[in-house]
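Visitor: Construct all of the structure, not just a fragment, from the sequences and the given hints.
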Amino acid sequence: MLGRGGEAPAHHPPSHLHKNDAHEDDAPLGVVKLISAEGFEFVVDKKAAMVSNTLRNMLTSPGGFSETREGEVRFPEITTSILEKICQYFYWSLHFSRVRIPLGTHLPRHGVGSRVAGKLTDEGVVPRELLQRPPWMGSGSQPAMGTASQGCLFADSFVLFELVVSSGKETAEFPIEPEITLELMMAANYLDT
Amino acid sequence: MGSACSRKRDHLVDEDNLYSARFSKSGSFKWLLYTLPRSGSDVHRKAHGPGPGRCPSLVELCVAKVREDMGRYSDLSLLPRDLSQQVFNELVEWNSLTEELLGAFRNCALQDICLGDYPGVRDAWMEVVASQGQSLLSVDISCSDVTDSGLNQLKDCVNMQSLACNYCDQISDHGLKTLSGLSNVTSLSFKKCAAVTAEGAKAFANLVNLVNLDLERCPKIHGGLVHLKGLRKLEKLNLRYCNGITDSDMKCLSDLTNLRDLQLSCCKISDLGVSYLRGLSKLAYLNLEGCAITAACLEVISGLASLVLLNLSRCGINDEGCENLEGLVKLKVLNLGFNYITDACLVHLKELLDLECLNLDSCKIGDEGLIHLKGLLQLRSLELSDTEVGSNGLRHLSGLRNLQSINLSFTLVKDIGLKKISVLNSLRSLNLDNRQITDNGLASLTCLTGLTHLDLFGARITDAGTNCLKYFKNLQSLEICGGFITDAGVKNIKDLKALTLLNLSQNGSLTDKSLELISGLTALVSLNVSNSRVSNSGLHHLKPLQNLRSLSLESCKVTATEIKKLQLASLPNLVSMRPE
Chain A
2 MLGRGGEAPA HHPPSHLHKN DAHEDDAPLG VVKLISAEGF EFVVDKKAAM VSNTLRNMLT
62 SPGGFSETRE GEVRFPEITT SILEKICQYF YWSLHFSRVR IPLGTHLPRH GVGSRVAGKL
122 TDEGVVPREL LQRPPWMGSG SQPAMGTASQ GCLFADSFVL FELVVSSGKE TAEFPIEPEI
182 TLELMMAANY LDT
Chain B
410 MGSACSRKRD HLVDEDNLYS ARFSKSGSFK WLLYTLPRSG SDVHRKAHGP GPGRCPSLVE
470 LCVAKVREDM GRYSDLSLLP RDLSQQVFNE LVEWNSLTEE LLGAFRNCAL QDICLGDYPG
530 VRDAWMEVVA SQGQSLLSVD ISCSDVTDSG LNQLKDCVNM QSLACNYCDQ ISDHGLKTLS
590 GLSNVTSLSF KKCAAVTAEG AKAFANLVNL VNLDLERCPK IHGGLVHLKG LRKLEKLNLR
650 YCNGITDSDM KCLSDLTNLR DLQLSCCKIS DLGVSYLRGL SKLAYLNLEG CAITAACLEV
710 ISGLASLVLL NLSRCGINDE GCENLEGLVK LKVLNLGFNY ITDACLVHLK ELLDLECLNL
770 DSCKIGDEGL IHLKGLLQLR SLELSDTEVG SNGLRHLSGL RNLQSINLSF TLVKDIGLKK
830 ISVLNSLRSL NLDNRQITDN GLASLTCLTG LTHLDLFGAR ITDAGTNCLK YFKNLQSLEI
890 CGGFITDAGV KNIKDLKALT LLNLSQNGSL TDKSLELISG LTALVSLNVS NSRVSNSGLH
950 HLKPLQNLRS LSLESCKVTA TEIKKLQLAS LPNLVSMRPE
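Residue numbers (our numbering), protein chains in the order written: chain A, 2 to 194; chain B, 410 to 989.
Hint data in this document are derived by calculation from the structure and do not stem from the laboratory. Idealized CB from N, CA, C, for every residue including glycine. Please note that the accuracy of each hint is not assured.
What the hints assert, rightly or not - Pairwise CB distance ranges, derived in the manner of DEER restraints:
1. B:N504 with A:E73: 37 to 47 angstroms
2. B:K973 with A:T55: 46 to 56 angstroms
3. B:C661 with A:T55: 47 to 57 angstroms
To be verified - Facing chain A, a subset of chain B residues (Cβ under 10 angstroms, in silico):
4. R463
5. E469
6. L470
7. Q495
8. V496
9. L500
Guide: Next comes the structure, spelled out in structure tokens:
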């Protein structure tokens, strides 16, 4: 597996995100980093993360959880593939509920590290669609990459949103692969989502 | 994650459901269960149904996925209990659980096994049911073929709180012995069970924590109630239609002073039997419908000061003794239907100011008596069907502003009387099944715009009268069967989009054009256009009625074959068809 999240500094969000974070008590602005058992980091909109009641409690409890301050939550019992699926569900759920996703307001500039993502794809972890660069980046700009040891994966809202709506249906079914159903169900139960 | 995932017990048994229509099905209707979802899954409705419903949770989506792929799983015992419970419930709800799939739930520590009315349940299932062991809190195997040996497997499930074995005709009094070890049971239901005999009921004596006991329709129960004497926690006892219960059995109930709800409809008891209830001061609900008692026993009943509901329907009571009703000031529901009482009885009701529902169906009452109801301002429902009440009497009801339902079918009320009730703005349900009601009467009711149910079955309403129906936009059910409606009249019905039940039978002039007009009423669940000129060639108009479950076209030019074709091709929810 790729690097452990704890061994190297993870990707730092752009500075404007910190500004947003300053207001997080007022509104679910900004992003939060979800770290899988293997150390992979998924950076998702807080609004998406708060589809999970467990995460919502963590992120909104005043002064309680360290996660609230650090903007990252570790899941030592949730594997990367499951956590990724859960992140996809967060965005699917937002779309389902017709909550407008604030596209482009704080999209991470570093996107998906191609080396990292390529490897992940070889392992069948990341859906091919997730690797598509968002159109706003322009064809000439290469996404900056995290190092392999960082294992930093951005599941940014734009890409995932595309994933959901690309089915062409108003409310596409959320696909669940039979191989992961039980593990996903347990993780979803833990996250209360 | 493991047990950390187990947060809640979602599906506690709803005690009220134990006594609901769910168990009213007899085994002979099991075939229906194969063809219909038990209640439809939330996930299905929410994820695939129309409109912006609530988003299904990921857990719900996973549970639905497990159901779809259940054949892949042979052992779910490593799942947290609340999840395996949800999967189990989902399979049951979708009629997807089979004897083969059940094995995956062995040792899952399930708390609730609700298989009431579920097809195919038999002894072979009980080993897996019993494997839940001390986790098991509630079991429902109603309508199953489980026998004594199957029931006996539950003997070690000592934490059981609720057990329902209604209509289990393979269980004998010998099998009931299993129950004696289940002393934590608080709710027990053995409807129509021949095992409940004087001998079989011995097992009940150990169930000292019993709060609810349902023995409705147990035919051999005579002599068995003696074993209930020590059940001091018993609050709810249902003995409806136990026609073996006699006065001597009633004596055994006299010490059950915690009883709050006692159902004795159609038991063979007399005033003597009722006399044994004298000390049951907590009794709030008493149902004596169809018992051969007289008004003399009202003296005993008048001492039951906590009574909220009293059902004395079909008891053959006359006025003498009815003065004892005066003291029952907490009564909210009083059913005196089908008795010999007259206006003289009604004077004793005038101080029952909390009354919300009063049933005087087929009593010998007339206009004069209704004056005593004038002050019953909490009345929500008043049943006056088949009485001698006429137009004059209705003036006494004009002030009953909370009245939501009134039945004036087969009374002497004429058009002119309806003006008196036209001020009852709370009315939702109005029954005017009465040949003396015409278009003029209906025209005086147009301000009752909140009506949801209007029964004009035998009223002489013509096409002209149907113009008034446009004021009743909220109607959910409508019956106009007086014979005078033509296709032109149905034009005034086609915009009542909330209708779920429409009965236009006996209107011999209706043609296929009416079916075309009705085709936009897509909420319809039940449609009756019998005795009309509707034909096979009009049936295609019904295709949009996707919610239709009952269709009656008797004595029309319609064949069973064509209705069947329509059902197969377009109306999957249709379960009742005439002709068939």
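Visitor: Does each hint hold? Answer for all of them.
Guide: Consistency of the hints with the structure:
Here the CB-CB span from N504 (chain B) to E73 (chain A) is close to 45 angstroms, well matched to the stated 37 to 47 angstroms. Checked against the hint of 46 to 56 angstroms, the pair K973 (chain B) and T55 (chain A) passes, with Cβ atoms roughly 52 angstroms apart. Taking 47 to 57 angstroms as the suggested C-beta distance range, the pair C661 (chain B) and T55 (chain A) conforms, at roughly 54 angstroms. Given hint, R463 (chain B) at the interface with chain A, holds; its Cβ is 8 angstroms from that chain's nearest Cβ, closer than 10 angstroms.
A cut of 10 angstroms between beta carbons decides the hint on E469 (chain B): the least distance to chain A is about 9 angstroms, and the hint holds. Below 10 angstroms, beta-carbon pairs count as interface contacts, and L470 (chain B) has one with chain A at about 6 angstroms; its hint therefore holds. Satisfaction of the interface hint for Q495 (chain B) is found here, the shortest Cβ-Cβ separation to chain A being roughly 9 angstroms, below the 10 angstroms cut-off. Interface hint at V496 (chain B): satisfied, since its Cβ lies 8 angstroms from the closest Cβ of chain A, which is below the 10 angstroms cut-off.
The restraint placing L500 (chain B) at the interface with chain A is violated, with a minimum CB-CB distance near 14 angstroms, outside the 10 angstroms limit.
Hint compliance for this structure: hint 9 is the single one not met.
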